[in-house]
Amino acid sequence: DGGITQSPKYLFRKEGQNVTLSCEQNLNHDAMYWYRQDPGQGLRLIYYSQIVNDFQKGDIAEGYSVSREKKESFPLTVTSAQKNPTAFYLCASSVGARGGRRGDTQYFGPGTRLTVL
Amino acid sequence: RKEVEQDPGPFNVPEGATVAFNCTYSNSASQSFFWYRQDCRKEPKLLMSVYSSGNEDGRFTAQLNRASQYISLLIRDSKLSDSATYLCVVNRRSYKLSFGAGTTVTVRA
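Each protein sequence line maps, in turn, to chains R and P.
Position 54 (the first sequence) corresponds to 54 in my numbering; numbering is contiguous.
Position 109 (the second sequence) corresponds to 109 in my numbering; numbering is contiguous.
Just so you know, these hints were derived from the structure itself, not from any lab.
There's no promise every hint is true.
Straight line, CA to CA, 30 angstroms or less: simulated DSSO-like cross-link-like pairs of lysine-lysine [said to hold, decoys possible]:
1) P:42 <-> R:70
2) R:83 <-> R:9
3) P:2 <-> P:45
4) R:83 <-> P:79
5) R:14 <-> P:2
6) R:14 <-> P:79
7) R:71 <-> R:57
8) P:42 <-> R:71
9) R:9 <-> P:45
10) R:9 <-> R:57
11) P:42 <-> P:2
12) R:70 <-> R:57
13) P:79 <-> R:57
14) R:71 <-> P:96
15) P:2 <-> P:96
16) R:70 <-> P:45
17) R:83 <-> P:2
18) R:83 <-> R:14
19) P:79 <-> P:42
20) P:79 <-> P:45
21) R:57 <-> R:14
22) R:57 <-> P:42
23) P:96 <-> P:45
24) R:83 <-> P:96
25) R:71 <-> R:9
26) R:83 <-> R:57
27) P:96 <-> P:42
28) P:79 <-> R:70
29) R:71 <-> P:79
30) P:42 <-> R:83
31) P:45 <-> R:57
32) R:57 <-> P:2
33) R:9 <-> R:70
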């Protein structure tokens, strides 16, 4: 079955630690995105990538890093510089530019809940 | 001003009722509009896309008013399973999206 997977489902981080969240898709989508969701707020864009080996900062990139070495994978590292990392992290993908007008429809993975201890 | 604004609700309706709510957006250049459904502690799932004046899918109807910059969602014959948070989503440039904080709907028996 085609889809987006994220792991782990729950993650606990100690102060000062870096942690990496996994996101994999087998939809053959070019574009991938990372969001965080906090209670009562809309999803906020952290980083996005429209093609392999290229990515751009979103609205709240400070304290996060990403890589896009393979089309299928877009891992997110939450660094110790992120002061308030406790949140629900969602990865999404879309066809992207080759999909024309409908290339911006995004599909989401099941998410990772990160808690700082 | 937020890029996408929604009435948070909650909208509490009996089964079989019709419920409707709006979403306003600030970017007049937006061309793609979406409604996503999100269940508690789950990921958002696409409900419908709106590229022209509106879209209908079964009991769900979305209407777009470009002049006033709002999109509405109407749910007819509400089911208990329609209880969820509905996210209004609007495209930005470079295939990025802006998300509203969501409207909570609770359907009661």
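Practice problem: Find the hints from earlier in the document that the structure breaks and name them by number, from lowest to highest. | Solution: As far as the earlier hints go, 4, 5, 6, 13, 28 and 29 are violated by this structure, in ascending order.
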